[in-house]
Amino acid sequence: MGTIVTFDLYDEDEPSESVLSLLREAIDVLHQADDDFSTYKYDSPLSRLRRGDVTMEQCPADVGQVLELCNVAKNITDGWFDPWSLPGGVDPTGYVKGWAAQRSLDVLRRSWIRGALVNAAGDTASFGGPHAGVPFRIGIVDPAATQHLACVVESPGAVATSGTYERGCHLIDPHTGRPASRAASATVTGTDLGLADAFATALAVAGVQALPLIEVLDDFEALIIDYDGTFHTTTGFPAVRTGSKTSS
Amino acid sequence: MKRAHIVIAGTVVGLAGLLSFNSTAVTLSLGSLSAVTAPTRSTTTTTPATTTTSVPHSGGSTPPPTTRVVPTTTATTTTTAAPSAARSATGAATNYSYGILSVKVSVSGTKITNVSIASIDDGGNPRSAYIDQASIPLLEQQAMSAQSASIQGVSGASYTTAGFEQSLQSALSKLGL
Numbered sequence: 001m002g003t004i005v006t007f008d009l010y011d012e013d014e015p016s017e018s019v020l021s022l023l024r025e026a027i028d029v030l031h032q033a034d035d036d037f038s039t040y041k042y043d044s045p046l047s048r049l050r051r052g053d054v055t056m057e058q059c060p061a062d063v064g065q066v067l068e069l070c071n072v073a074k075n076i077t078d079g080w081f082d083p084w085s086l087p088g089g090v091d092p093t094g095y096v097k098g099w100a101a102q103r104s105l106d107v108l109r110r111s112w113i114r115g116a117l118v119n120a121a122g123d124t125a126s127f128g129g130p131h132a133g134v135p136f137r138i139g140i141v142d143p144a145a146t147q148h149l150a151c152v153v154e155s156p157g158a159v160a161t162s163g164t165y166e167r168g169c170h171l172i173d174p175h176t177g178r179p180a181s182r183a184a185s186a187t188v189t190g191t192d193l194g195l196a197d198a199f200a201t202a203l204a205v206a207g208v209q210a211l212p213l214i215e216v217l218d219d220f221e222a223l224i225i226d227y228d229g230t231f232h233t234t235t236g237f238p239a240v241r242t243g244s245k246t247s248s
Numbered sequence: 001m002k003r004a005h006i007v008i009a010g011t012v013v014g015l016a017g018l019l020s021f022n023s024t025a026v027t028l029s030l031g032s033l034s035a036v037t038a039p040t041r042s043t044t045t046t047t048p049a050t051t052t053t054s055v056p057h058s059g060g061s062t063p064p065p066t067t068r069v070v071p072t073t074t075a076t077t078t079t080t081a082a083p084s085a086a087r088s089a090t091g092a093a094t095n096y097s098y099g100i101l102s103v104k105v106s107v108s109g110t111k112i113t114n115v116s117i118a119s120i121d122d123g124g125n126p127r128s129a130y131i132d133q134a135s136i137p138l139l140e141q142q143a144m145s146a147q148s149a150s151i152q153g154v155s156g157a158s159y160t161t162a163g164f165e166q167s168l169q170s171a172l173s174k175l176g177l
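Residue numbers (our numbering), protein chains in the order written: chain A, 1 to 248; chain B, 1 to 177.
Treat the hints as calculated values from the structure; they're not laboratory data. Ideal placement from N, C-alpha and C gives every residue a C-beta, glycine not left out. Any given hint could turn out to be false.
[What the hints assert, rightly or not] Distance windows between CB atoms, simulated:
(1) A/H170 with B/S116: 24 to 32 angstroms
(2) A/D13 with B/D121: 27 to 35 angstroms
(3) A/S16 with B/K174: 45 to 53 angstroms
(4) A/H170 with B/D121: 19 to 27 angstroms
(5) A/H232 with B/K174: 43 to 51 angstroms
(6) B/A118 with A/G133: 40 to 48 angstroms
(7) A/D173 with B/S106: 39 to 47 angstroms
[Said to hold, decoys possible] Here are some chain A residues the structure puts well away from chain B; computed CB gaps all over 12 angstroms:
(8) G64
(9) D123
(10) L211
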């Protein structure tokens, strides 16, 4: 699957060679994640694990770590996010994209620039902001009119959105093994993009019934948009404005 | 405030970078970059390319210089004057998941002023037509996001993009960016 990742770097000055060097390192993190976890690459460690060609112990340490974190996400979401329930064998893709973007952002953190924003095909991880003391603002796509924004949030570090409006119904209900999506769109904000990504996937499948699972978490907030356009949020959801359609 | 904007496309990521600044444009060729870091990358990384551009600058300024950074094994840096005329080019028709598309890009100097789909053939499949309808505007918007002032990013359901990005790069290459 092709995906665009963008990096936005904010600072007083144009990036120094040392910043660019960190940027290259950040990009390497993404390449490495792709090499390790792509289900489209026949020889990736994950593909080999899925076929049973190798054991977990023979895979790079990151594979075991990611699957462990997937298990954490599975437990928190009461099984609504479950990479082990997908057809074709374990597929942590719903976690890996965010996890890799978060890791690549963490490389840039070492640069001491004012702010950086990594956007992995619609899921964002950031630190700092565009100006001193100002957080990044992220527009949430309106699932019913994708050229518009449903709302704008102040990023607490990670913003992930899941829905079927882009790629058709690709989400699988882990409890039935069948395609299902009970929300038009689910957005999760928080401190870690891997988990936010997994939680957003879970909410998109489960719909509003799973919102309490996020409500109890200190570091994460969520917005669910129903097919009829109704908004449901956790109490601390960092919306700047909601409800009206805002031109993007 | 300077802002660098980089776009990477590929399998999870990959082919090329797009960097832009308020006052300076930097080209980061991730094609060469991945050649450095992963010399055996597959054929999907055949598009080197890249480019870009200045973000709009309130107050206006003279056309920015372009700094081209080519991170091959030994990185080299050259500086060239940026062309300032408004120009456009259409990228090569490129296969994507559901058909063939080509991307048209317009620039003024080194600033991207518009990105649009020049042609698309999805074979008339209603599902792919639906997906195109939903995702293409978002891709155009993503490519233009450097020019939005009130927000810094957009979060939405993920989309597939390899064809779009390749054709965009091909269009930018035609413009010498």
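We went through each hint and held it up to the structure:
no., hint, result
1, A/H170 with B/S116: 24 to 32 angstroms, "holds, 27 angstroms"
2, A/D13 with B/D121: 27 to 35 angstroms, "violated, 45 angstroms"
3, A/S16 with B/K174: 45 to 53 angstroms, "violated, 31 angstroms"
4, A/H170 with B/D121: 19 to 27 angstroms, "holds, 23 angstroms"
5, A/H232 with B/K174: 43 to 51 angstroms, "holds, 47 angstroms"
6, B/A118 with A/G133: 40 to 48 angstroms, "holds, 43 angstroms"
7, A/D173 with B/S106: 39 to 47 angstroms, "holds, 44 angstroms"
8, G64, "holds, 19 angstroms"
9, D123, "violated, 6 angstroms"
10, L211, "holds, 18 angstroms"
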